[in-house]
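Note that the protein sequences, when read in sequence, are chains A and B. The numbering of the first sequence is this note's numbering, which starts it at 1 and goes up by one. The numbering of the second sequence is this note's numbering, which starts it at 395 and goes up by one.
Fair warning: there could be bad hints in the mix.
Said to hold, decoys possible - To be clear about the criterion: a stretch of chain B counts as covered by chain A if any three or more of its residues have a C-beta under 8 Å from a C-beta of chain A, and this derived list gives those stretches: (1) 437-451; (2) 612-620.
Unchecked claim - Restricting the straight-line Cα-Cα distance to at most 30 Å, the calculated cross-link-like pairs of lysine-lysine (DSS-like) are: (3) K629/B <-> K134/A; (4) K576/B <-> K24/A; (5) K290/A <-> K219/A; (6) K629/B <-> K132/A; (7) K219/A <-> K158/A; (8) K387/A <-> K219/A; (9) K387/A <-> K192/A; (10) K192/A <-> K203/A; (11) K392/A <-> K192/A.
In case anyone wonders, no lab produced these hints; they're calculated from the structure. No residue lacks a Cβ here, since even glycine has one placed at the ideal position from N, Cα and C.
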Amino acid sequence: MKKLLLASTLLAAMTGTAMAAEIKVGVLLGYTGPIESLTPDMAASAELAFDEASNSGQLLGGSKIVSIRADSTCVDSAAATAAGERLISSHGVVAIMGADCSGVTGAVANNVAIPNGVVMVSPSATSPGLSKIKDNGFFFRTAPSDARQGEVLATVLKSRGIMEVAVTYTNNDYGKGLSDSFNTAFTGVGGKISITAAHEDGKADYSAEVGALSAAGSKHLAVFGYLDQGGKGIIQASLDSGAFDNFILADGMIGDSIIEAIGKDLNGTIGTLPGGESAGAITFKAMAGKAGIKVGGPFTAESYDAGALLALAMQAAGSADRAAIQANIMSVANAPGEKIMPGEIAKGLKILKSGGSVDYVGATDVNFNNIGEVLGSYQELEVKGGKFETIKVH
Amino acid sequence: MNNTRRSILSFSVMAGLLLIVGQSQSWPLMLTILNLCLISSVMALGVNIQWGYAGLFNVGTMGFAALGGVAAMLVSKAPIPEAWAAGGSNLFIGVVLFLFTLGAAVAAYRKIPKGSLRVIALSVIILIGIFATRYFSDTAIADIEAVNPALTGYLGGLGLPILFSWAAGGLLAAGGAWIVGKIALGLRSDYLAIATLGISEIIIAVLKNEDWLTRGVKNVAGLPRPVPYEIDLQKSDSFISWIEWLNSGALKGLSDSGRADQLSAFVIEQSGIFVKLCYAGLFTTVLLLILSMSVMALNSPWGRMMRAIRDNEVSAAAMGKNITGRHLQVFVIGSAVVGIAGAMLTTLDGQLTPAAYNPLRFTFLIWVMVIVGGSGNNLGSVLGGFLIWFIWIEAEPVGVWLMDFGTSWMDEGNPVRLHLMDSAQHMRLFMMGMVLLLVMRFNPGGILPEVTKPGLNK
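For reference, chain A alone in the conformation it holds in the complex:
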């Protein structure tokens, strides 16, 4: 008897028993692998939006959204495809929030989501190449493509009169894509790149890389890397050897831990970070803090917005149907309609229920272009007195 019970629960766990008015949404992120420290907060942020919609009682006659987590591993396309297949054909999810890293996102979108007609909203895949996949209108992302940040950084540097920099990037699709777009944009506005060199993460010593960068003769060094990884090592080695003391940082390098690690030598450093200091971003930070999510963690606001968009799209469609969600996600994200901020999902659901229209703004000022990508806004930051201060929003 006990065995039978065990077997039947196992079966239930594997199939995921369906209950009336339960809407399943997949949350496909790399819970194991290179970004496993970021994903729990990203998933929790998306689930925060799902809970908000479920608890409002407004969603499709009091339906609840159940999140089903699956592991994309961030790097293993084969495992991610199998996880996506499980979400779609076994759990029967109506949409997927994810995936995270650009490589697996492309594989899951092309091999599973698009063929099955399931919407994917990625909160963190930033590779410019994903703009060109044949997605039949099923792939969206709430994180802007890296191509955009390069342009913003180039503008910032020009406005500050910095016309020659050395560039180093972490050798992956993020670092390389960003460095390419920055180099094009910066030379386009008349700047000069003295040298572009990659660095690999996870090394103990970066003095050789810094030596090569400094030999090119620029006074400023742009670092497109990760603050807990090679990026920090590059800055440390530059300061130790006196090669550079003016740094330009991209989003992967912005965080309190870099200031803690380096100290006051960072004063005067400038950088860019997606997301404005908008009212929505501030509200979301407060909400996330209350829910126990690391405040200001990368891609948490984008994850929340991805979750909220899916909930609103279901309501606008009037049914939690895969194709209907796809047909409505664009209209709830863009004008015209009532502006919806984070924490106001219930209000948005109510407006949609009574036949009105909404324009979801959310934590990151969501606005999709015609291929379902956000342009995004960027803050220009400067380190003053040992902390990052927002100078301007681009």
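Take the given structure of chain A and dock chain B to it, following the hints.
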């Protein structure tokens, strides 16, 4: 239990596991897992040829799988005419100069007698060669990578059907293995392991950094498929009417609109199944071909010689066998099989992502397949490939269920329960270790151990 019965039983259990997934989770998921099991089996066969037959401790599987993946991209992707126009001629001059330098260096080495004159001549030839080659190739590479870097920035491929690439992947990996073998095969067991591990990392580093060839870490997406696209099938009238005929029983007695909805749901679901079945057919053909050749090779005099070399190199050498030559041969063959599997994997993924190659997934997981399945036994490697890949994927849902079930007596908001549920995905590596330990404890030769003929020692 004799070996045949043991094999039949093990494979029946494996088939049963897959059927349970099909029945309780879904058939498309089962086919997805099956396809990757087939590829993993081919890869494990390649490692088994090296380790099981000849005792070569090659932990550079990742590098050869990656070479196969590159071949898939280079064969199938359409060429980029703009990139060829921008840098093609300079690149060609660079390649010719490189080959010329190589030829001149070899000729100098052979013609000039040993001594300081040879050292000086070689140094001068190589130095001039490097600078001349780099003068042209650096310009070529910069020009090629400047062509629309966000989307292309590389030369593209040959634009041939991707099925050719499976053979090309094998050839490329074999060529790579020949070079690696020439350098490293003089080394003994553990030194060979370190050398191959290092060389495989070098191969990955080249793929990640030579953007003009592979787009590096920016990935090449959208490789053409050898099978139809689901989206095209869903629009094809003949496929729809075929599905209608296939499901006529289920569609009977529905109202017109209900019937149309149901039919389109069937078409979407079964187009996916159809595509996966096509892949499964192709992969099974390759697996059976390679498996049958492996079995024949192992039972032939050649196979006996290999085992003799593995078990006692000194006495095999005393019998007049060329140990280094045979090692090189088996190293090249095994790596070619791994390369074929690597090309099949890239074909199935539909994209080349050089940053995705890491030793845990592409070397050590394959080794676990061979060890758990039974090294020296071809069927064992196939079984290992199936079983380990199955666990690799199914560990996640089972892990989630185990955590849920194990903490079901706790309160919903209990921090211990929440923490365990949040880390359920990490059960994958834990289970892999458990399986390896259990098999090693109770079946040190693997699930299907090596078959030794009566009368032979052991």
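Hints, verified against the model:
1. Taking a C-beta to C-beta cut-off of 8 Å, the segment 437-451 of chain B contributes 0 residues in contact with chain A, too few for the three needed, and the coverage statement is violated.
2. Check on the segment 612-620 of chain B: 4 of its residues sit with their Cβ under 8 Å from a Cβ of chain A, so the three-residue criterion for coverage holds.
3. Under the criterion of a C-alpha separation no larger than 30 Å, the hint pairing K629/B with K134/A is consistent with the structure, at around 15 Å.
4. Of the supplied pair hints, the one linking K576/B and K24/A is violated, its CA atoms being roughly 56 Å apart against a limit of 30 Å.
5. Distance check on the hinted pair: K290/A and K219/A sit about 43 Å apart at the alpha-carbon level, beyond 30 Å; violated.
6. Between the alpha carbons of K629/B and K132/A the distance comes to roughly 22 Å, so the proposed pair stays at or under 30 Å and holds.
7. Between K219/A and K158/A, the direct Cα distance comes to roughly 15 Å. Compliance with the 30 Å bound is thereby established for this hinted pair.
8. With a CA separation close to 22 Å, the supplied pair K387/A and K219/A stays within the 30 Å bound.
9. Proposed proximity of K387/A and K192/A is supported: the alpha carbons are some 29 Å apart, at most 30 Å.
10. Distance check on the hinted pair: K192/A and K203/A sit about 29 Å apart at the alpha-carbon level, within 30 Å; holds.
11. Restraint check for K392/A and K192/A: the C-alpha separation of about 24 Å stays at or below 30 Å, so the hint holds.
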